[in-house]
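Undergrad: Those sequence lines, one after another, are chains F and V.
The numbering used here puts the first sequence at residues 1 to 312.
The numbering used here puts the second sequence at residues 1001 to 1361.
It should be emphasised that the hints constitute simulated quantities derived from the structure, not laboratory data.
Just so you know, these numbers come straight off a predicted model, no measurement behind them.
Incorrect hints may have been included.
[As the list claims (entries may be wrong)] Heads up, simulated DSS-like pairs for lysine-lysine below, C-alpha to C-alpha not over 27 Å straight-line:
{"no.": "1", "chain 1": "F", "residue 1": "222", "chain 2": "F", "residue 2": "136"}
{"no.": "2", "chain 1": "V", "residue 1": "1184", "chain 2": "V", "residue 2": "1243"}
{"no.": "3", "chain 1": "V", "residue 1": "1081", "chain 2": "V", "residue 2": "1111"}
{"no.": "4", "chain 1": "V", "residue 1": "1354", "chain 2": "V", "residue 2": "1243"}
{"no.": "5", "chain 1": "V", "residue 1": "1137", "chain 2": "V", "residue 2": "1114"}
{"no.": "6", "chain 1": "V", "residue 1": "1137", "chain 2": "F", "residue 2": "222"}
{"no.": "7", "chain 1": "V", "residue 1": "1114", "chain 2": "V", "residue 2": "1140"}
{"no.": "8", "chain 1": "F", "residue 1": "136", "chain 2": "V", "residue 2": "1253"}
{"no.": "9", "chain 1": "V", "residue 1": "1114", "chain 2": "F", "residue 2": "222"}
{"no.": "10", "chain 1": "V", "residue 1": "1303", "chain 2": "V", "residue 2": "1243"}
{"no.": "11", "chain 1": "V", "residue 1": "1139", "chain 2": "F", "residue 2": "222"}
{"no.": "12", "chain 1": "V", "residue 1": "1253", "chain 2": "V", "residue 2": "1354"}
{"no.": "13", "chain 1": "V", "residue 1": "1137", "chain 2": "V", "residue 2": "1111"}
{"no.": "14", "chain 1": "V", "residue 1": "1140", "chain 2": "F", "residue 2": "222"}
{"no.": "15", "chain 1": "V", "residue 1": "1114", "chain 2": "V", "residue 2": "1081"}
{"no.": "16", "chain 1": "F", "residue 1": "222", "chain 2": "V", "residue 2": "1111"}
{"no.": "17", "chain 1": "F", "residue 1": "222", "chain 2": "V", "residue 2": "1081"}
{"no.": "18", "chain 1": "V", "residue 1": "1114", "chain 2": "V", "residue 2": "1139"}
[Unchecked claim] Residues from chain V that face chain F, not an exhaustive set, calculated with beta carbons under 10 Å:
{"no.": "19", "residue": "1054"}
{"no.": "20", "residue": "1080"}
{"no.": "21", "residue": "1082"}
{"no.": "22", "residue": "1086"}
{"no.": "23", "residue": "1089"}
{"no.": "24", "residue": "1093"}
{"no.": "25", "residue": "1096"}
{"no.": "26", "residue": "1107"}
{"no.": "27", "residue": "1109"}
{"no.": "28", "residue": "1113"}
Think of the CB as a built atom: it goes at the ideal place given N, C-alpha and C, for glycine as much as any other residue.
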Amino acid sequence: MGEAQSPVSAVSARSEPGREAPGTQRKHREISSGISRNAKRRLVAWVCGVLVVLLMVFFLAPFIWMIAYSLYPSAALQGSTLDMGFANITFDSYSRLLSDSSFLVPMANSAIVGLSTTIICMTIGAASAYAIARFKFRGRQPLLLSMMTVQAIPVIVLAVPLFILLRSVGLYDQLFGLIITYTAFILPLVIWMLVGFFEDIPPSLERAARIDGCNRLQIMYKIAFPLAAPGMAATAILAFITSWSDFFLAKVLTISTATTLPVRTAAFQGLFAMDYTSAATAGVITAVPVLILTLIAQKWIISGLTEGAVKG
Amino acid sequence: MAQIELIHVSKTYGPTKHGRNAEPAVCDLSYVIEDGHFVSLLGPSGCGKSTTLNMIAGLEDISSGTILIDSHRVDDLDPDKRDLAFVFQDYALYPHMSVYENIAFGLRMRKVPKSEIETRVTDAARRLEIEQTLQSKPKKLSGGQRQRVALARAIARRPSVFLFDEPLSNLDALLRDQTRSELKLLHRELGATSVYVTHDQEEAMTLSDRIAVMSRGRLEQFGTPYEVYHEPATEFVASFVGKPRMNLFTVTKAEIGRYGLPGTTFTIDIGDIGMDQVRVGLRPEECDLHPADDGAPGHGVVKAVEPLGNVSDVLVTVGDQIFMSRVPGFGNYTVGDHVNINVTRARIHCFDQKSGTRVDH
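If we strip away everything but chain V, and leave its shape as in the complex, we get (with noise of 0.2 Å):
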């Protein structure tokens, strides 16, 4: 089991082709993920999430900082030094080795004698279901029984870190759920510190005790799945995490603590914040829809409405805004109808316009 500190951890790739100096990776990270927690690197395509990880691993050196693992120095050990198990998004299993021995390759470089990585090898592949493989080599298998071996090869090594690199985007949508499932059980089985990068913020959701938000080699946020949901620290992360995509614009001051669209009817009531202008957020399914009085042209037009079956989200055009709602059901609106938008029972989230950090109100 182990504690992974962070400390002001920068990587910066040398010069470009050109001279200049390449933008950081990452940069001045500082975090701690406890002991047996189940810690998500969430963020988009290039945001420095594999690069991190690569970094608790050993795969990557550090331009700059400190990470710890149970208080003791790791930047400078080698990967296979640090305890940890690294679950690749290609599986990365040995082509060459048959089942067995790919899980087994592990133990055998670090000597562990021949009747305990039998033991081991069995133990994983039962938690894995995989025992009928044990003997094939890795092309005679599918991507899930695959990524099923790359979980066992993890777990076989019983070290007290693991680290996921997108380890479900190659499965097809149904196996990435029913893996994920099994994923989670697993943690909490093992209750090993587990790192786990992803670009899918439902997988963060739903496996993570925390969830690191990054972007642009940044930490956004760091906090509980229902922290980053319900109090983005920024605009970035309220607009990342959430799906239907929250509701983000700029309302002008109208009145002491009510604050309106411009060239719109439509207003909130924030409070004094002492600000003339701010970005404010709103989650499509708190926002509620009303079809305007008769003649009277209300908030907006629906523009589209798109059935899910259980919810439909409604698009409704404000001034030169697209507004989402979630309404129940398949909902009674058709496109060209006035609507009046109900934002009473929903959070309303501010953010300072030129930093895009959280204004509380």
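Isolated chain F (complex conformation) (with noise of 0.2 Å):
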């Protein structure tokens, strides 16, 4: 880590026996306890490095290797002996994909579905938390609550009923199907997520907005939207990322014209044998839009906006 060398061991050298300093007497049982206050925060230091190095290791593997999967022909990953050399790497796989329509239409469908369920979740979310977070009414508690009870069901009890339901009006493999049904499921998160944000707005802020002349709807789309967009950022990428990555309900409530990418690339896998380039294709595909947003919604969640907005 980088660090100057111990104080103690530094001070212990030049201390005479019979003439010790106040305080060298604590520094020489450290010492002779056999390990030194710093040394045991470098050694503290270095086992917890090594150990996010394994956890990285153990959460990334699998990602790597469908990425070299995606990049290296079946035949030299399978053989007795891997050969990854840099000369091995094809993106044939990649084009094959991007040039076939039967996968192209899936992945339309994914990114229409994930950006309207976004989008409706954001528009009707918005709203709904920032009355929750500003105006005090009967029931604000418990509708919380409430929303958060609809999350603690698992989707499989709902599948079924789900599937009826949507057959029955007519909405089964279709799009818009998929897009109501993802908004009933993100939409309290997304209302739970941005009552936190809004409420952490100091209110003195919308007071002075209001004596500068904004009526509600002005200070919510001048002040509190503002303010909250890193928050409303980061909870409209979750949403669309939970729409986008969905398997189960899309697999439930689609056949073959509404299919999204999840399912598509499920379907690589045949009864008999498993095309393992395409579908690791497929899924690299379908994560990296996944990770190039959640890494910018991290950038936006750390940065605090409301920072310098009252005194401190």
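Work from the hints to combine the two standalone chains into their complex.
TA: This is the structure:
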């Protein structure tokens, strides 16, 4: 970690026997116990570092393996020896998939469903969350709690009723059917998250805006939304990722026309054979937007925009 | 310029969780804030002073009564229609806007022409010496600079009424004194009617033309700083205003015109007020101490001496009361000294024991 020599050892090296400075005895004790405080701190930091690296390997290994599968021909990876030279890298599977309409349509479906769900959730969610955060009305807390209760119900319990419901109203295998289903699942979470962000905005800012001549709507889009922007962006990204990468509901509620990317990716696993390269490539293509958006969201969450708003 | 009139203004919040009616936050306030006056609302936390200010601003509805600004009823108008500016305790600067935009925001919302906005923002920034920070975001500024931006935002609007909600309470002591002086100069320069909420009596005394002392949602006294200090209308005002705190104790009629502290030799001449017992108030700086004659017990015994440099506060135990006297310099008293209290040059304030109201004598 590049720390300077331990001051403890420096002091004890200079001190003469019989003329110990106050506190030296304690330092001697530390050394005699075998390890100084600084050394102990360094050791802990080192152990933590190793653990973090191990954890990263644990989490990233499947992803790296998936990228490897998408870049190398199956033969290079399935033989008795791995042949992972740079010369073997090929983007064939990417070009093949990205020119295959049976893959592009589900990809477009996923994008449409993801974006639509996000826009609907954010429009309704932001207004609802602002109202819940700022207006004190009867049943406010139970309302918030009931939203969370919906989240606690396993999706699998609702899958069959949803299937029957959507089929009976003609929305089975329709993008719109998926969009409203995802909205129903994601909206409570969006509201729950946004309420927290709006509550963090100091009320005096909104009172100042009222004095400055803003009405409720103007306060919302001129003051509250810009201030909650990082939180709103993070929430929107979460909503998009959730709907973009959902497999289970999409599998149950679509069959062909409205199939989404995760369902199409799973379809590479045949009954008797598995096209590993295509599955891995599709996996990477599905994961890349999620990865990029997560990185952006992380940056926005960290930047605390309200800093400096009020005293401090 | 504007005159503000409060007529029987009350504020009651809804029933509590247990269904009981809440105590009124503000009860039956009636007074007139004259045009161009600087009026402080002074009182302890929870006395309703901020609620009163918010009601004048229109940030809170009133439960009953009327508020007039320049004889026009405003209590059903939105805050922005009342032609006033508000300086918040926590500054309330918009963090996503630059200092310039913060000052200009209120003007933009009122559709002031762009060139006029620029003139007003520059003028306000010049007055408060924040021209260098116009392009910065509030989070880059120090507490003092933020407070100046908040003031500039109010000034740029050129309203007829300024409302201040404890604007100096977040500044450190030195900066607070400096800003207080500047605020006084600013008020003299602008001449706009100002209402200032504070719990700091020094701020109220130094800045105000009139002080409204409040307690438990009620108005205790509305008067000049001189009246509030020298002629407190109630025992609460007497005890709240003045540092060190006024000596307040109950005396009993001893002989005609003289009242004494039971169990002690301390008596004072109040005159015939026709009451057997009365609460008496004496300012510590108006009471003198003299060493008791050799061997005599005197009125009391020195309990502690608190030197402040130019003066010293001497605490004297008189019976079961603690009496404070402010003496010049470091004083010549030590703990255990027997002393007599001389109140000949003191104004004696009398208050009714039950109601706490002032009794003239």
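Undergrad: Hint residue 1054 of chain V vs chain F: min CB-CB distance below 10 Å?
TA: holds, 8 Å
Undergrad: Can residue 1089 of chain V be said to touch chain F, with a Cβ gap under 10 Å?
TA: Since the shortest Cβ distance to chain F is 8 Å, the answer is holds.
Undergrad: Please work out if residue 1137 of chain V and residue 1114 of chain V have their alpha carbons no farther apart than 27 Å.
TA: holds, 21 Å
Undergrad: Would the pair residue 222 of chain F and residue 1081 of chain V pass a check requiring their Cα atoms to be no farther apart than 27 Å?
TA: The hint holds at about 19 Å.
Undergrad: Straight-line Cα separation of residue 1114 of chain V and residue 1140 of chain V no greater than 27 Å?
TA: holds, 26 Å
Undergrad: Would you check the hint for residue 1140 of chain V and residue 222 of chain F, treating anything up to 27 Å between C-alpha atoms as holding?
TA: At roughly 21 Å apart (the allowed maximum being 27 Å), residue 222 of chain F and residue 1140 of chain V satisfy the hint.
Undergrad: So, as I understand it, the hint says residue 1082 of chain V touches chain F; can you test that by seeing if any CB pair is closer than 10 Å?
TA: Nearest chain F Cβ about 9 Å off; hint holds.
Undergrad: Taking 27 Å as the top limit, are the C-alpha atoms of residue 222 of chain F and residue 136 of chain F close enough?
TA: Given that 27 Å is the threshold and the Cα spacing comes to 22 Å, the pair holds.
Undergrad: Would the hint linking residue 1137 of chain V and residue 222 of chain F be met if the CA-CA limit is 27 Å?
TA: holds, 16 Å
Undergrad: Need the status of pair residue 1081 of chain V, residue 1111 of chain V: alpha-carbon distance at most 27 Å?
TA: Holds, because 14 Å separates the two Cα atoms, which is no more than 27 Å.
Undergrad: Can residue 1109 of chain V be said to touch chain F, with a Cβ gap under 10 Å?
TA: At about 4 Å, which falls below the 10 Å cut-off, the nearest Cβ of chain F leaves the hint on residue 1109 of chain V intact, so it holds.
Undergrad: Do the numbers back the hint for residue 1086 of chain V, that is, is its least Cβ distance to chain F under 10 Å?
TA: holds, 5 Å
Consistency with the previously given hints fails for numbers 8 and 28, ordered from lowest to highest.
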